[in-house]
Every structure is written in structure tokens, then in C-alpha cells.
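Colleague: Those letters in the sequence shown? Residues 7 to 392, per our numbering, in order.
Simulated from the structure, these hints should not be mistaken for lab results.
All of these numbers come straight from a predicted model, not from anything done at the bench.
Check each hint, because a few of them may be wrong.
[Stated by the list, open to error] In silico lysine to any residue, SDA-like type, Cα no more than 20 Å apart, as pairs: (1) K384 to L144; (2) K136 to Y109; (3) K169 to L144; (4) K155 to Y171; (5) K91 to V8; (6) K92 to H113; (7) K244 to V270; (8) K152 to E170.
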Amino acid sequence: MVIGINGYEAVVPRFGFDKETGLPNRVGSSEFCFQLLTALSIIDKKNEYFIYLPTNPASDMPEESKNWHYVVFSGKLWTLLGLSKKLLENKNNIDVFFSPTHYLPFHTGMPSVVSILDVSYLHFSGLFKKKDLYQLKLWGGYSLRKAKKIITISNSSRNDIIKEYGVAGEKVIVVYPGIKSEIENSKSEINSKLKMQNSKILKEKFDIKGEYILFVGTLQPRKNIEKLIEAMSMIKNKNLELIIIGKKGWMYEDILNAPAKYEVSDRVKFLDNVNDEDLPGFYKNAVCFVLPSLYEGFGLPILEAMQYGCPVLASNVSSLPEAGAEAAIYFDPQNSEDIAEKIDKVTSDEKLRTEMVQKGYEQVKKFSWEKTARETLKVLEELGKK
Numbered sequence: 007m008v009i010g011i012n013g014y015e016a017v018v019p020r021f022g023f024d025k026e027t028g029l030p031n032r033v034g035s036s037e038f039c040f041q042l043l044t045a046l047s048i049i050d051k052k053n054e055y056f057i058y059l060p061t062n063p064a065s066d067m068p069e070e071s072k073n074w075h076y077v078v079f080s081g082k083l084w085t086l087l088g089l090s091k092k093l094l095e096n097k098n099n100i101d102v103f104f105s106p107t108h109y110l111p112f113h114t115g116m117p118s119v120v121s122i123l124d125v126s127y128l129h130f131s132g133l134f135k136k137k138d139l140y141q142l143k144l145w146g147g148y149s150l151r152k153a154k155k156i157i158t159i160s161n162s163s164r165n166d167i168i169k170e171y172g173v174a175g176e177k178v179i180v181v182y183p184g185i186k187s188e189i190e191n192s193k194s195e196i197n198s199k200l201k202m203q204n205s206k207i208l209k210e211k212f213d214i215k216g217e218y219i220l221f222v223g224t225l226q227p228r229k230n231i232e233k234l235i236e237a238m239s240m241i242k243n244k245n246l247e248l249i250i251i252g253k254k255g256w257m258y259e260d261i262l263n264a265p266a267k268y269e270v271s272d273r274v275k276f277l278d279n280v281n282d283e284d285l286p287g288f289y290k291n292a293v294c295f296v297l298p299s300l301y302e303g304f305g306l307p308i309l310e311a312m313q314y315g316c317p318v319l320a321s322n323v324s325s326l327p328e329a330g331a332e333a334a335i336y337f338d339p340q341n342s343e344d345i346a347e348k349i350d351k352v353t354s355d356e357k358l359r360t361e362m363v364q365k366g367y368e369q370v371k372k373f374s375w376e377k378t379a380r381e382t383l384k385v386l387e388e389l390g391k392k
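Sequences and hints are given; from them, build the entire structure.
Modeller: This is the structure we're talking about:
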């Protein structure tokens, strides 16, 4: 079987390229697309793949082989029109087309599958730029209707898609995203040494000396960071800092102004220059990780924190309880007092944190990109063989 895939998101990241490595700064759908492509190239040597790209593949992407090919071409309205033209030219050679990027081309000429990570734009339209909102509603809706199958990453998102767009339930399939397998044993000597080493890096490179709470994610209203900063003004331990790691997304001004607004400027630090090599150190040395989002398609940062032995607190909304299950502590994201109360509970109880860490290791074992790829491939094969 021949499978075509839109690889746009893997090579055109929303936040540019890393200055040191030259690799794309992938988050969200970009990371999802990249990891899925990588896993498919590893698990499937039987089917033939054509990956369509607007630019040459990044150096960390799978190498070309007898069953893995890149088709690179440029042009305006690349996915909408350019990719449509390419697919129509090759319609007799491709059995099924997959777009893990939220959007389908206008025309494909073969059965198609699209992945929709979430529909947060329908719930919080005021938190999106008008241009992005228009594109998501118009083009996203068209893609959902056109696709033969829709892959989404949580039951919460599946229910939203069915409700908001009126699509048949059997058309929407849940495939959980994966996570890199880097689970640590919290009692091992190796992990203890790594924690000490990472702690030294944090102090010298990022000037972080004391205990801290961690948040990782794009600075945008949906992440509800301002409410977390407000909660910081209410917690009992005034020696705890809040470290916020993430690139500036959109409508982030209120977030940057929040520490001064709530008089905690000396206890909140924003970092946008943390690379993938340093990030594990932040997780391993944090007292806890907090994700106060108003809506998430899945909440992958929850699992990223758990794999490094970091206790997790998260919002009790959308898909986050699916991601964290019983390994996390949940709060009302609209209630800063509840957030503060739960932070106090976790940060003051070492025994509770140890239990959460162990539960987190078990929760992470349920997710892998290999599993994501196999379940995605099953959808593609079933559709392509009809």
C-alpha cells in the first residue's frame, strides 16, 4: 500500500529554529507530526510512504529509503492549493492520504484522514487572533467534513468534535499521543547523580538557587498562566519561586504583567531560552509541575513531567484527567484559591509527592509513540484497502 502524508508541520515550526542546533522549535502539532513520522518510519517497512514538504527535511527527520520518500516543492497557499495539485497528479499512485496537521488540501483524489488535536477555538474564540480563528473554523470545518476518518488525541476532544460538528461517532477515532521513553527510577543512584548535575546547571546557567514550581508551555491566554501567578500570591511558602518556560505565543502581555499586578515579581521568572537538553533538569529538580490550562487536546506536558519524577497538579477540565489519571492532583482552573490550596497541599507533604512520583512512572508507561504510530497505521491501512 502507498501512503501519502502532509509533513508541513514537521519542518515549518510556529516558533522558528533553534539557534544552536538549527533544528525546528517544535511544540504542539509540530511535535505531534514529527514524532508520528519518525515512529512510522521505524515500525513500518512494508508500506511505501511519500512525505510532502514545503522545504527540505530537517536533519533529525527519518532518512529516505526504498519505502520512505520526500516530495519537496514550494508555492503560495502550500497545503490548500499546491498540495492539492501534487496529490491530483499522483492520485493513481497513492492509496490513502494522511494530514496530521489539522487541515486537508482542497482536493486529494484518494481517501483521506486528518488529525485534529483539539477544538479549543470553538470554546475560547476570544483568545485567538481573528485570522487564525477564521482559518480554524472555515478550513478546519471543511477538512473534518471531507475526511473519511478523523484522528484525535483524547476522548474529550472526540466528544467535542462529534458535538460541535455533528459528525458520526464511528468517523472519529482516539489515538493517544506518545512520549519519549526516558522513565527514571527515583530510587536509583544514577538518577540521584543526574539530579545533582542538573541542579548545578540550573544554578549556574539560569540563576535558579531555591525551590521552585514549574510551568512549561506557550505563553497564550488558554494556558491560564495569569491565574497561576495570582495563586502564587496566595500560597503559604513565600520562598517558592515559579519558573515559567515557554515561547511567547499571542496575547501574552497580560501574562508578562501579572507578576507585578499580584506583587510577586521577585518570585516569578520567565525563561524562553531553555533547550531540549536542559529541560529535563527543570522537571527533575522542581517541587512540582502545574498545568492550569482552560482547555487541552491532551496535555502532553503532564506526562513529560511525570517521566522525570516530577509531581503534577493540573486543571480538572477537558482532557487533562485522561492524561494524568490518578497520578495527578486536580484543581478548578478558574479558582486561584483552589490552585493555591492544592499547591500548598503537595509542596508541604513529601510523602504525598513520593507517592505521586511513583504513580506518575506507572501512568507514563501507558503511552509511547510506537503505540501511537501502530494505531494510526491501522486506521490508514483499513481505509486504504477498501
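Colleague: Hint by hint, note whether the structure agrees.
Modeller: Outcome of the hint check:
With a C-alpha separation of about 29 Å, the suggested pairing of K384 with L144 is violated against the 20 Å cut-off. Between K136 and Y109 the alpha-carbon distance is near 18 Å, which keeps this suggested pair within the 20 Å criterion. Distance hint between K169 and L144 is fulfilled; the C-alpha atoms sit about 17 Å from each other, no more than 20 Å. Proposed proximity of K155 and Y171 is supported: the alpha carbons are some 14 Å apart, at most 20 Å.
Distance hint between K91 and V8 is fulfilled; the C-alpha atoms sit about 18 Å from each other, no more than 20 Å. The hinted pair formed by K92 and H113 meets the criterion: a straight-line CA distance of about 10 Å does not exceed 20 Å. With a C-alpha separation of about 9 Å, the suggested pairing of K244 with V270 holds against the 20 Å cut-off. Under the criterion of a C-alpha separation no larger than 20 Å, the hint pairing K152 with E170 is consistent with the structure, at around 16 Å.
Comparing the model with each earlier hint shows a violation of hint 1 alone; every other hint is respected.
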